[in-house]
Amino acid sequence: MKRLENTVAVVTGSSSGIGKAIALRVGEEGATVVVAARRMDLCQQTVRQIEQAGGKA
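For reference, each letter of the sequence shown is one residue, going 190 to 246 in the numbering used here.
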């Protein structure tokens with residue numbers, strides 16, 4: 190069982206840098222990730238990466 194399964198994580202600034210790293214990590218740990226940042230295109234890229242790793246965003 191993943192540590193963050195059945196939780197939701199809202200990660201601001203998740204389109205790049207530390208925010209993106211956190212979003213990817215909590216997604217790997219089983220959380221459903223709410224990606225939030227100013228650039229929609231980069232948010233969508235982060236969502237795709239989370240989903241490709243088997244997470245939910």
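Honestly, the hints are just simulated from the structure, not real lab data.
Just so you know, not all the hints are guaranteed correct.
To be verified - Simulated restraints, written as ranges between beta carbons of each label pair:
1. 229 x 194: 23 to 29 Å
2. 195 x 228: 28 to 34 Å
3. 229 x 197: 19 to 25 Å
4. 230 x 195: 26 to 32 Å
5. 195 x 238: 17 to 23 Å
6. 230 x 207: 16 to 22 Å
7. 237 x 197: 24 to 30 Å
8. 230 x 192: 17 to 23 Å
9. 194 x 230: 28 to 34 Å
10. 190 x 227: 31 to 37 Å
11. 207 x 233: 30 to 36 Å
Ideal Cβ positions, reconstructed from N, Cα and C, are used throughout, including at glycine.
Taking the hints in turn, this is what the structure says about them:
1. 229 x 194: 23 to 29 Å: holds, 28 Å
2. 195 x 228: 28 to 34 Å: At 30 Å between Cβs, range holds.
3. 229 x 197: 19 to 25 Å: holds, 20 Å
4. 230 x 195: 26 to 32 Å: This hint holds: roughly 30 Å between Cβ atoms.
5. 195 x 238: 17 to 23 Å: At roughly 22 Å between Cβ atoms, residue 238 and residue 195 fall inside 17 to 23 Å, so the hint holds.
6. 230 x 207: 16 to 22 Å: About 19 Å separates the Cβ atoms of residue 230 and residue 207, which means 16 to 22 Å holds.
7. 237 x 197: 24 to 30 Å: violated, 19 Å
8. 230 x 192: 17 to 23 Å: violated, 30 Å
9. 194 x 230: 28 to 34 Å: holds, 29 Å
10. 190 x 227: 31 to 37 Å: Since the Cβ atoms of residue 190 and residue 227 sit about 35 Å apart, the hinted range of 31 to 37 Å holds.
11. 207 x 233: 30 to 36 Å: Taking Cβ atoms as reference, residue 207 and residue 233 lie about 19 Å apart, which means the hint is violated.
Going down the numbered hints, you'll see the structure goes against 7, 8, 11, while the others check out.
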